[in-house]
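J.: Once you have looked at the hints, place chain V on chain Z.
If you're matching them up, the sequences are chains Z and V in order.
1 is the number of the first residue of the first sequence in my numbering; add one for each residue after it.
1001 is the number of the first residue of the second sequence in my numbering; add one for each residue after it.
If you're looking for bench data, these hints aren't it; they were derived computationally from the structure.
Being a predicted model, the structure only gives us computed values, none of them experimental.
Among the hints, a few may not be true.
[What the hints assert, rightly or not] Taking lysine to aspartate or glutamate and the DMTMM-like style, the derived pairs with C-alpha atoms no more than 25 Å apart in a straight line are:
#1 Z:175 - Z:66
#2 Z:157 - V:1473
#3 Z:157 - Z:222
#4 Z:221 - V:1283
#5 V:1117 - V:1127
#6 V:1134 - V:1307
#7 Z:221 - V:1280
#8 V:1133 - V:1102
#9 Z:102 - Z:3
#10 Z:379 - Z:365
#11 V:1236 - V:1289
#12 V:1117 - V:1103
#13 Z:109 - V:1397
#14 Z:103 - V:1397
#15 Z:265 - V:1308
#16 Z:366 - V:1308
#17 Z:221 - V:1276
#18 Z:175 - V:1473
#19 Z:157 - V:1283
#20 Z:122 - V:1289
#21 Z:265 - V:1266
#22 Z:102 - Z:85
#23 V:1179 - V:1283
#24 V:1288 - Z:233
#25 Z:265 - V:1307
#26 V:1469 - Z:222
#27 Z:226 - V:1280
#28 Z:313 - Z:273
#29 V:1469 - Z:177
#30 V:1236 - Z:272
#31 Z:226 - V:1283
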Amino acid sequence: MIEQTADVVVIGGGPAGLAAAISAKQHRANRVIVLDRNQWLGGILPQCIHDGFGVEELGVSMTGPEYAETYIEMAKSQGIMFLTETMVLRFNEALEIIAVNKKGILKLKAKVIILATGCREKTRWYSMIPGTRPSGIYTAGVTQALINLYNIMPGKKVVILGSGDVGLIMARRLKFEGAQVMGVVEFLPYASGLPRNVVQCLDDFDIPLYLNHTITYIAGKERLEKVTIQQVDHTMTPIPGTEKQIACDTLLLSLGLIPENELAKTIGVEIDDHTGGPLVNQRLETTIPGVFACGNCLQVYDTVDMLSFDAKKTGQYAAEYFIRKKAIGQNSKKGLIVHAGVGVRYVVPQRISTYGTIHFTLRVDKPRGATTLLLTAGKKEVLKKKLLGVNPVSMIRIDANISAEIFMAANELEVTLCDN
Amino acid sequence: MVILCQMKNFQVAIIGGGVIGSALAWELSHYKINVVVFEMGSDVASGTSKANSGVIHSGINSPPSSLKARFCVEGNKMFQSLATELGFPLKWIGKYVIAKDEDEIKELERLKTIGHKNKVAGLEIHDGLIVKKKEPNISCIAGLWVPTAGVITPYECTIALAENATENNVRFLLETKVKYLKKKADYFVIGTNKGEFQADVVVNAAGLNCGEIVSMIETPDFQIFPCRGEYLVLDKTYGSLIQSMVYPIPNKELGVLGVHITPTIDGNILLGPSAEFIDDSYDTSTTKEMMKTLFQEAREIIPALPEDTAINAYAGIRCKLASQKTGGWADYRIEESKRNPGLIYLLGIESPGLTAAPAIAKEVTQMISRRMNLEKKTTIRIQAIRRSRFSEMSLDEQSTLIQRDNRWGRVVCRCEQVTEAEVIDALSNPLNAQAFSSVKYRCRAGMGRCQGGFCTQHIVRIMEQQFHKDVKELKLKSPNSHLFIGNVRREI
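Okay, chain V solo, but in the shape it has when bound:
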């Protein structure tokens, strides 16, 4: 164990623990190689991977023969087995792209044609009446029905990939920021705030920071244009407004899909995302103006959407390779550096990046296999059944568990009915991610109506007493997001 902790030489180093880095780590965990992942956040999925729509796209939106189309369609087909294997929920709820006038119907035809070329199955254009039957709250004259679109909870997927990869000996180093990158004869030196590491192959999956990483070793031939998307989350009371996802005709000027309405796995409704090119790729703030705009645009789709139904707002940032001026659309770049062989770039992985992640991971694994011998492991640790949720069990199952371990009988988060056992399990995760948000994203404690009003204090106590944490160390979600300054009085 000690030797493992001190190991600084790896065959593959992945920079970035978003969904792309985690999917690649998971794919590589099936082979007999040493892999490390550097993540600067306090947990995986701490950037764009946690702040998106969570949609598994079908592949009707990207031009045929583009990488976006190819990996989206391939990834889409992989998701069901991934979800089953890793135990994260996935619902194939389908989506409608709706047309408001005759011109927009032409757009539906165009999307359908693209979809056919990309080999997306089951596409049908429904007239307004049929749409109305399925989605009574939607107003349109026709809709393109896309049955192969689904939803997941994006951070759950990333966490599952990363945790299972860890169980199969990939090392995830959290709160580890890459500071320099050097090419030696046949390996790379990666300098971080946690020391220096070596790797034969380096994969740049740094998302919005991919440019920063490239410039550590060579002059980038590209530029990243951060494009912020704000979301509103509606109360679960309105969860039945729609059954499937509903999209407007995509906005071509910005190269985005437009403000759409998405039912989430947990029964909320998401409005968004907006699209706004910004300068600071870390600026995930929400704005009053955009909250209004989101509501107005959502009303175009659901005219009866009641006011004041939002219970939360957040923003994620797209990593675009094309500026607003040039139309915002550019294909992914998945390639090996010519100047520094062994350095693999994953650039501009924006939507449908979540869908594409498992397919991109396979592609990159192929690229790596050209540089080293990849031999499959004979045994793989399968993800233990998905973290059991007390709230989803039958009374008998609950009783049995409490008899076995009475911590299942203490409800810590009352809104989501999360027990002490689940909080402790979340905190004991293989990544050793121990921010408050790590608990929240793993067991839902603090995600309900009271937003932590009841459970914060109980979780703090569990962290103090059972994980021996000093209150000064406790963090909300990132390395410097400290929750408290210390004790009020010194304990006697």
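With the rest of the complex left out, here is chain Z:
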């Protein structure tokens, strides 16, 4: 058994883990160790060979591997330690981590742990699509890895279910590599990926987008032979008589992402049902003291730029936690619960343990035109912001000042949308 100690252990060496590690180091954490189960760092970025990364954050459009490289170099130059091909098996509330790699079993004692475990893709069984179980059904991310990292072409004639960003990008990628892309099927009345991706990946290549449609049957004895698509009504119920069969040998599933918190759950980190990520306070600390979260395991982000921005905050808060013991609010039991009210799907953080300026990220439940976002404490209005239009695909970020007076008086905060 190999034993080590560290100030900060970051679980996951994707963009969030790298950003958090760098930031923790910059905020005077000494020994920072990043663990990752893959052979490489950067998480999913090395397979994202399209560009558009870094525009908001750095003002340059980079490919995924380029963006990752920027962070990896920065991290290495700062003396952050990396253990790749290292899988965390378990950890506990005393912040002891058991991990494994080819050298053996590792026991790490940390002063603080940052969860940067990312997310996983939803599978066919998330939607329980009936039919046979042939080969040729892949999630979009797996296909992206197969094509871009492993030089493997899954099929020739492809249908994509779900219009999330990975699905849209893979539609274009497959077309580039000579596959026939028969269409993208989306059960919502609008695409769930970024509008720029709908234009650049589908429209520019004449790939049909079937909105208000879903796949209701998968057929094929050994390899996939065809799928049945069907129109859905406003309750998402398939409408009889609208069935249409599309011959294909490959089905890509881009059904969305699930924050990966299996590890966190084992030690009782509370999970928010709406984000799928840990319930955190304004310092991005989970319900287990000394355990922080960032990146897609906290909430699924729209872009890596925003994710890095927030992950750096996590790194800073984590370093400050043990250096200055600046876990503000720890001395008072008082805390505010943040609720997602009318029109809002979720808000992060879900708890506030002190007054001051708080950075909120949130998503709305459905697309709307002009609306007003309201942050209230009991009957008292804390913040009011007019928004021109909102869409669940775009995360909303606001800073709000919670005064000492409001903090002491209220028990709850609520974020709502109020149509004008």
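T.: Only chain V this time, still in chain Z's reference frame:
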């Protein structure tokens, strides 16, 4: 070795590598005879043997003096030593058959009487309160407690039988489809896509295809009625809803046991199977309607069963000798052909076929011994301890193994914590079964929550680099279930 590979003459040929064929192969591997098994799938247990409830039945459901009752009760008693010897997990969790009203209590009495006649031990009728104490989530007024019912993972059992039989010189030929069968003077000629073979005795253990095999050589005096059973697998989070299996009163019209709830070896819960007579014996598709029905029927047993708890669905097909019209119940047929002596039929081996398999194997071995001299081998290779699972070891055991072979330190499937060493071991199986599902069924890689999202690429690399496979050859589970069409670009 070369001679062995070219050998085409066998004393016994078994058609079908399901649990029945594999159990017989294993039984015969103890004797000094040459045995071959033809399996058309890419691995053993590729039909009904992998898609069932995995229940080791007690024998309360089949009429006394039927073959079903006899082999079920005999097989049940053999399973513990089989599991220990071959190293597959078996849990005697017991089962309840529950009654919802007074009429159904009479049914419990009837089942208990049948059970007594079949010499099933330990049967007791419990009133609703006692059932509630043991199974708080079950709603009923009484339950028949059957302590001698257990669960296994059905494909693990079949794989263990087949692999150990192979280690003892039985030849399993995978992806080998029998195309014709001819009787010569005192032997049979079996034509396959891999060439012609000869055997003195042929055993038809082809399951759903048993009729097709018979018609190659004579006119069948029976018909197979495929009856599909769909299942839903619930997330492990709900694994504690029940401790034992829970069955409704059997459905007599269809000759099946009805939708029951089964805790699996791995901690999931199974709902099913449905019962639906279909035309195509290969049609293992699942349907939206049946998914709903399964849920509704399971709710009759566990009213508090939450919605949207299923994480997977599959279907298996029963090989029935009786049609829906005639009530679906018929006994097994285990007999030698009168027109073609030396040809042994195993027909209509549906539930409790898994339980009955080792007993049927003994019976068939007896039948074979009447045709040839069966002499026991003096030494038998015992199955190496069950495939070791990293996830089930202590930290010390894990450390020791990694020091010995560092591939134990690389986790390939993160959901089930399966290491590279285990994947390589699974791929190095004695049957040479190398489909993706062969890996999955042997070491659980790809069976977890992400359903292969993380491990697929790593397993592909291992197959390419360490087993020198071309990506075009890689298959999901059957001969034509190719995974990829090739490389994106030619490697330089």
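J.: For each hint, tell me whether it holds in the structure or not.
T.: These are the hints, each one checked on the structure:
Pair hint residue 175 of chain Z plus residue 66 of chain Z holds up; C-alpha atoms about 23 Å apart against a cutoff of 25 Å. Our distance criterion of 25 Å between C-alpha atoms is met by residue 157 of chain Z and residue 1473 of chain V, whose separation comes to about 19 Å. Distance hint between residue 157 of chain Z and residue 222 of chain Z is fulfilled; the C-alpha atoms sit about 16 Å from each other, no more than 25 Å. In summary, the hint linking residue 221 of chain Z to residue 1283 of chain V is supported, as the alpha carbons are separated by about 8 Å, within the 25 Å threshold.
Proposed proximity of residue 1117 of chain V and residue 1127 of chain V is supported: the alpha carbons are some 23 Å apart, at most 25 Å. Restraint check for residue 1134 of chain V and residue 1307 of chain V: the C-alpha separation of about 24 Å stays at or below 25 Å, so the hint holds. Only pairs whose Cα atoms come within 25 Å are accepted, and residue 221 of chain Z paired with residue 1280 of chain V is accepted, the gap being roughly 12 Å. At most 25 Å may separate the alpha-carbon atoms for a hinted pair to count; residue 1133 of chain V and residue 1102 of chain V meet this at roughly 21 Å.
Distance restraint check for residue 102 of chain Z and residue 3 of chain Z: the Cα-Cα separation of roughly 15 Å lies within the 25 Å cut-off, and the hinted pair is therefore satisfied. Distance restraint check for residue 379 of chain Z and residue 365 of chain Z: the Cα-Cα separation of roughly 23 Å lies within the 25 Å cut-off, and the hinted pair is therefore satisfied. With a C-alpha separation of about 24 Å, the suggested pair residue 1236 of chain V and residue 1289 of chain V falls inside the 25 Å cut-off, and the hint holds. At roughly 22 Å between alpha-carbon atoms, residue 1117 of chain V and residue 1103 of chain V fall within 25 Å of each other, so this suggested pair holds.
Restraint check for residue 109 of chain Z and residue 1397 of chain V: satisfied, since their Cα atoms lie roughly 21 Å apart, inside the 25 Å limit. At most 25 Å may separate the alpha-carbon atoms for a hinted pair to count; residue 103 of chain Z and residue 1397 of chain V meet this at roughly 14 Å. Proximity of residue 265 of chain Z to residue 1308 of chain V is assessed by CA-CA distance (about 20 Å); at most 25 Å being required, the pair is judged to hold. Proximity of residue 366 of chain Z to residue 1308 of chain V is assessed by CA-CA distance (about 22 Å); at most 25 Å being required, the pair is judged to hold.
Of the pairs offered as hints, the one joining residue 221 of chain Z and residue 1276 of chain V holds, with about 19 Å between alpha carbons and a cut-off of 25 Å not exceeded. Distance restraint check for residue 175 of chain Z and residue 1473 of chain V: the Cα-Cα separation of roughly 24 Å lies within the 25 Å cut-off, and the hinted pair is therefore satisfied. The hinted pair formed by residue 157 of chain Z and residue 1283 of chain V meets the criterion: a straight-line CA distance of about 24 Å does not exceed 25 Å. A hinted pair counts as satisfied when its Cα atoms are at most 25 Å apart, and residue 122 of chain Z with residue 1289 of chain V qualifies at roughly 23 Å.
Taking the CA atoms of residue 265 of chain Z and residue 1266 of chain V, the gap is near 19 Å; set against the 25 Å cutoff, the hint holds. As the CA atoms of residue 102 of chain Z and residue 85 of chain Z are separated by approximately 8 Å, the hinted pair is consistent with the 25 Å bound. For the hint pairing residue 1179 of chain V with residue 1283 of chain V, the CA-to-CA distance comes to about 21 Å; that is within 25 Å, so the pair holds. Pair hint residue 1288 of chain V plus residue 233 of chain Z holds up; C-alpha atoms about 17 Å apart against a cutoff of 25 Å.
A threshold of 25 Å between alpha carbons decides the hint, and for residue 265 of chain Z with residue 1307 of chain V the separation of about 22 Å falls inside it, so the pair holds. Distance restraint check for residue 1469 of chain V and residue 222 of chain Z: the Cα-Cα separation of roughly 20 Å lies within the 25 Å cut-off, and the hinted pair is therefore satisfied. Proposed proximity of residue 226 of chain Z and residue 1280 of chain V is supported: the alpha carbons are some 18 Å apart, at most 25 Å. For the given pair, residue 313 of chain Z sits about 23 Å from residue 273 of chain Z by alpha-carbon distance, which is consistent with the 25 Å threshold.
With a C-alpha separation of about 23 Å, the suggested pair residue 1469 of chain V and residue 177 of chain Z falls inside the 25 Å cut-off, and the hint holds. For the hint linking residue 1236 of chain V to residue 272 of chain Z, the alpha-carbon distance of about 20 Å falls within 25 Å, and the restraint holds. For the proposed pair residue 226 of chain Z and residue 1283 of chain V, the alpha carbon gap of about 15 Å is at most 25 Å, so the pair holds.
Comparing the model with each numbered hint stated earlier shows that all of them hold.
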